Amino acid sequence: MESKLIRLTVNGREEAVVADPLATLQDVLRDSLELTAVKSGCGQGGCGSCSVLVDGELRLSCLTLAERVEGAEITTLEGLNETNAIVPLQQAFVENYAAQCGYCTAGMVMAAKALLDRNPAPSRDEIVEGLSGNLCRCTGFAPIVRAVEQAARALSGEEAS
Amino acid sequence: MPELLRPGSVDEAAGLIGSHGAAAAVLAGGTSLLREIWPSDAGYLIAVDGLGLDRVEARDGGWSIGAAVPLRALREAVPIPALQAATREIGGPAVQNMATVGGNLFARAPFGDLAPALLALGADLVFASADGEATQPIDAFYAAWSDGAPPRAGLLIRIELDEPAGASAYLKCARRRYSTPSVVTVAACVETDGGTVSAARVALSGASAAPFRCGAAERAVIGSALDDAAMAAAAAAAEAAVTPATDPVATDWYRRRMAGVFVRRVLAQLA
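Residue numbers (the working numbering), protein chains in the order written: chain X, 279 to 439; chain G, 2 to 272.
Keep in mind the hints are simulated off the structure, nothing from the lab. Here the structure is a predicted model, which is why all the values come from computation and not from measurement. A virtual CB, placed ideally from N, CA and C, is assigned to each residue, including glycine. Hints may contain errors.
Said to hold, decoys possible - Covered by chain X, per the in silico footprint, the following chain G stretches (three or more residues, Cβ under 8 Å):
#1 2–10
#2 85–97
#3 178–190
Build the full structure now, drawing on both the sequences and the hints.
Next comes the structure, spelled out in structure tokens:
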């Protein structure tokens, strides 16, 4: 099968990559663009470690064909901050020991960002539901939920000030 | 490896499905197909984005729901309790942003948790083929499944749903709270007249080869008050009617028991 040129907008940058027509967004982000915060977990849509934002909505890059998101704005963890400094949401993960092995963390942060962008003051139940597509096998989830609670408080505090 | 085809119109997509037959697979959200496609023998993936099938239109007395509407968009557009619950019970937020209404109706057990809600609500399915559009009640669509697989009926383009006359509810029995395949899922829509059930639709998925309406459970409650005795009779009727399978999620024995338990619970929400 012939490779083809795929044009993507990733973290605000126009990118052109040569890829197999059935290449997944995950393949292109990791292998062609070296955005390795996008993790390759189950490849089945069951773990959420490959989560990215497509036009601001949470998506699984492992189940998205790269060709079908041409023209969309794609955001990976690397694109949360132009200067590569960590953002308050990530800082909350650090302060709450919400990462152990780290494999799920980028996907968790992206899921939390999608949630907070839509609902800046979520209840605990809403946080649990917002993260329900992401699996962690180290932390037992409680520190991750606490991190998102703290981030929500910090973000709403910023808005109030 | 299959070839990705991107038709520019519904007619073109329906034509491709007609001409490629069993070698064609319809690619909508991709959450089922792309994880299954690699070992499958589909020769062609027919993408149905960009065909205008991703809109919900409110019409007089109901909704026309495009087959490629994502589950979350359905939840935000159609305020029916059974649908609201069903769309929360399928995958996590990312899957709900991607997976489509139409795609979920073709998912095979133990997936496909939207079906009982639309069965209980009496939806109609509209298919496009070379012969034009054809409308089929959702019960008839699932009755035509064989060996847990759908018949080839053309391209599902939309779901027509009338505002339900009664109250509806939906419950999923699963091993975890979220983002997990079902043991069974159950939905019901019940109309009452002066304390007596005048009409009822009760539907299950995961409990038989295909989702289905359980007429025996419906007859158990129609004509009586929705009381403990009627709900117990409906539960017993559902247990007797299902033909569940054993898979890594649950045994047939457990699925049968939970079919009864969850029929009773879903009716209790409406009592």
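**Item:** Coverage assertion for the stretch 2–10 of chain G with respect to chain X, Cβ distance below 8 Å, three residues required
**Value:** holds (count 4)
**Prompt:** Taking a Cβ-Cβ distance under 8 Å as contact, does the stretch 85–97 of chain G have three or more residues in contact with chain X?
**Reply:** holds (count 6)
**Residues of the stretch 178–190 of chain G with Cβ under 8 Å from chain X, three needed, outcome** = With 3 residues closer than 8 Å to chain X, the stretch 178–190 of chain G meets the three-residue bar; holds.
In summary, the structure agrees with every hint in the numbered list given earlier.
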